[in-house]
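**Student:** Each chain, letter by letter, is given below.
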Amino acid sequence: MDKLDVVVVGGGLAGLSAAYRLAAAGRQVVVLERGDAPGSKNVTGGRIYVQPIREFLPEIVADAPFERHVVREVLTVMDDDASAQMEYGHGKWRSEPHMSYTVLRARFDRWFSEKVMEKGAFVIPGRRVDDLLWEDGRVAGVVAGGEEIPAHIVIAADGALSFMAEKAGLRTPLRPENYALAIKEVYRIDPAAIEDRFGLGQGEGAANLFMGSVTRGMFGGGFLYTNQDSLSVGIVLGMRSQMDARPQVESHELMDAFTARPEVARWIKGAQLEEYSAHIISEAGAKGMPALYTGGMLVAGDAAGFSLNMGVTVRGMEFAIASGVLAAEAANKALDKGDASKESLGLYERLLKESFAMKDMETFRHSREVLENPRLFTVYPKFICSLLEEIFTITEKPKPGLYGSAKKAAKKYLLNWEGFKDFLTLRKM
Amino acid sequence: MKIEEKLALNAMKNDRESHIRLDQKICAACKERYCVYACPGHLYSLNEETNEMVVEYAGCLECGTCKIVCVYNAVSWEYPKGEFGVQYRCG
Chain A
257 MDKLDVVVVG GGLAGLSAAY RLAAAGRQVV VLERGDAPGS KNVTGGRIYV QPIREFLPEI
317 VADAPFERHV VREVLTVMDD DASAQMEYGH GKWRSEPHMS YTVLRARFDR WFSEKVMEKG
377 AFVIPGRRVD DLLWEDGRVA GVVAGGEEIP AHIVIAADGA LSFMAEKAGL RTPLRPENYA
437 LAIKEVYRID PAAIEDRFGL GQGEGAANLF MGSVTRGMFG GGFLYTNQDS LSVGIVLGMR
497 SQMDARPQVE SHELMDAFTA RPEVARWIKG AQLEEYSAHI ISEAGAKGMP ALYTGGMLVA
557 GDAAGFSLNM GVTVRGMEFA IASGVLAAEA ANKALDKGDA SKESLGLYER LLKESFAMKD
617 METFRHSREV LENPRLFTVY PKFICSLLEE IFTITEKPKP GLYGSAKKAA KKYLLNWEGF
677 KDFLTLRKM
Chain B
349 MKIEEKLALN AMKNDRESHI RLDQKICAAC KERYCVYACP GHLYSLNEET NEMVVEYAGC
409 LECGTCKIVC VYNAVSWEYP KGEFGVQYRC G
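Just so you know, the protein sequences line up as chains A and B, in that order.
Under this note's numbering, think of the first position of the first sequence as 257, with each following residue one higher.
Under this note's numbering, think of the first position of the second sequence as 349, with each following residue one higher.
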């Protein structure tokens with residue numbers, strides 16, 4: 257078999273973006289996808305922030321079958337039997353260009369793969385890549401289903417577990433400290449009911465994040481996104497945090513407890529569960545990234561550790577698309593020069609460093625240190641809920657002044673040495 | 349809804365061979381059984397008769413959590429062969 261220009265491992269957003277660009281540049285590209293179609297192994301929470309990627313793939317962003325554009329952000333802070341909710345919306349979010357969209361990956365990725373094929377790349381589903389081919393100490397293709405597929409360059413876009421990056425020696429084994437488990441349920445519901453329940457116009461969407469007792473003090477939180485005719489509801493749970501928790505908690509039970517909460521149950525009432533999915537998320541930020549390239553190979557998307565938890569915003573898909581496009585650019589230049597050495601492919605890292613993807617990863621380098629503070633999931637939600645309880649409660653006894661109540665709650669939860677340390681840590685983000 | 353019923357909603361194409369293998373010697377010495385608690389599909393359990401760990405690979409959501417939380421490296425986990433395993437229709 258003649259050498260292909262590029263073989264892409266994984267038909268997710270990073271892999272498809274890379275293939276799209278390379279095919280558009282006239283390169284011979286094959287995408288190998290282990291699922292029965294692109295998207296069938298992929299899970300998002302999910303929302304995609306499109307502004308940073310418009311310049312990378314304008315026509316894809318413009319025509320993509322996204323679900324709803326988000327016009328309302330809801331933040332719910334939960335105590336065991338109480339909650340406080342804050343809503344934020346801005347009029348400009350209702351008009352184009354929209355900032356973010358809810359998305360379901362099975363639909364989006366499959367559509368995207370059709371666009372990639374229209375550009376002339378081959379997307380082959382049902383193919384698991386088992387190994388890398390090596391030549392003179394460089395990656396020189398892949399092995400899939402017992403068949404050798406030689407290529408000048410391999411783009412590993414095989415997701416958060418990236419076996420390819422591991423086989424190429426680019427990353428160390430995965431550690432629970434660096435990962436969170438996300439569980440998601442998708443509920444089918446009439447679009448009119450979504451718009452009615454959330455007070456949305458046609459095609460408009462809402463995003464609701466939940467923090468506090470959702471995870472019983474463990475790192476993580478809950479989410480809910482409105483799709484066109486379904487709701488995506490789920491939890492994120494830090495692996496190390498769950499391992500250390502006593503008594504031990506089963507993650508699927510935590511998910512059940514979440515959807516049973518009245519703050520969540522009211523949205524999904526009468527809706528029918530359609531799918532139960534799970535995926536891992538890198539929580540290590542820039543510190544958890546593997547080496548991004550070696551001779552004959554580039555790593556993109558989740559495989560490269562591109563995901564970022566910024567507290568109330570969680571991002572990944574736009575990094576996948578940007579890194580896929582930049583990997584294609586670096587691969588294309590290397591093919592022009594006829595040089596796929598490690599040195600030549602180093603262009604990829606330089607391009608990434610100039611892009612929003614690496615800049616954001618660097619800016620939020622310390623966000624995990626801030627977010628993995630257990631007080632964020634216990635003390636602070638309790639403070640907010642106790643304060644509101646004091647303010648709203650009228651009993652048979654005379655009511656103390658509001659300032660006094662606020663001072664009492666703040667003294668109990670915030671104005672102490674731990675609170676001061678939290679303040680200092682917060683400045684890192 | 350029970351977790352088994354939830355898993356039954358998913359589109360699955362199951363291989364006859366498991367893509368997850370456990371090292372029972374290591375499992376026997378493990379006290380925490382992180383896999384039992386972490387697996388979102390609740391697929392890990394202890395067979396009380398044989399005293400061996402069992403994993404119902406057929407319901408696997410392919411998240412890889414068990415591979416990561418098993419810090420004793422008893423879990424050998426690979427992706428199911430091409431076209432096998434869970435096929436998400438929403439994702």
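Derived from the structure by calculation, the hints contain no laboratory data.
These numbers were taken from a predicted model, which means no experiment stands behind them.
Don't be surprised by glycine CBs; every beta carbon is placed ideally from N, CA and C.
Careful: at least some of the hints might be erroneous.
Below, simulated DSBU-like cross-link-like pairs (lysine-lysine); rule was C-alpha separation at most 30 Å, straight line [as the list claims (entries may be wrong)]: (1) K429/B with K375/A; (2) K429/B with K423/A; (3) K525/A with K350/B; (4) K423/A with K361/B; (5) K259/A with K350/B; (6) K684/A with K663/A; (7) K350/B with K543/A; (8) K684/A with K653/A; (9) K615/A with K348/A; (10) K429/B with K361/B; (11) K361/B with K371/A; (12) K615/A with K543/A.
Which stretches of chain B does chain A cover? Using the computed rule of at least three CB atoms under 8 Å from a CB of chain A, they are [unchecked claim]: (13) 373 to 385; (14) 396 to 404.
**Student:** All the hints need checking, so say for each whether the structure fits it.
**Tutor:** Results for each hint:
no.	hint	verdict
1	K429/B with K375/A	28 Å, holds
2	K429/B with K423/A	18 Å, holds
3	K525/A with K350/B	17 Å, holds
4	K423/A with K361/B	27 Å, holds
5	K259/A with K350/B	50 Å, violated
6	K684/A with K663/A	27 Å, holds
7	K350/B with K543/A	38 Å, violated
8	K684/A with K653/A	44 Å, violated
9	K615/A with K348/A	26 Å, holds
10	K429/B with K361/B	10 Å, holds
11	K361/B with K371/A	27 Å, holds
12	K615/A with K543/A	13 Å, holds
13	373 to 385	holds (count 4)
14	396 to 404	violated (count 0)
The structure fails hints 5, 7, 8, 14 (numbered hints given earlier, in ascending order).
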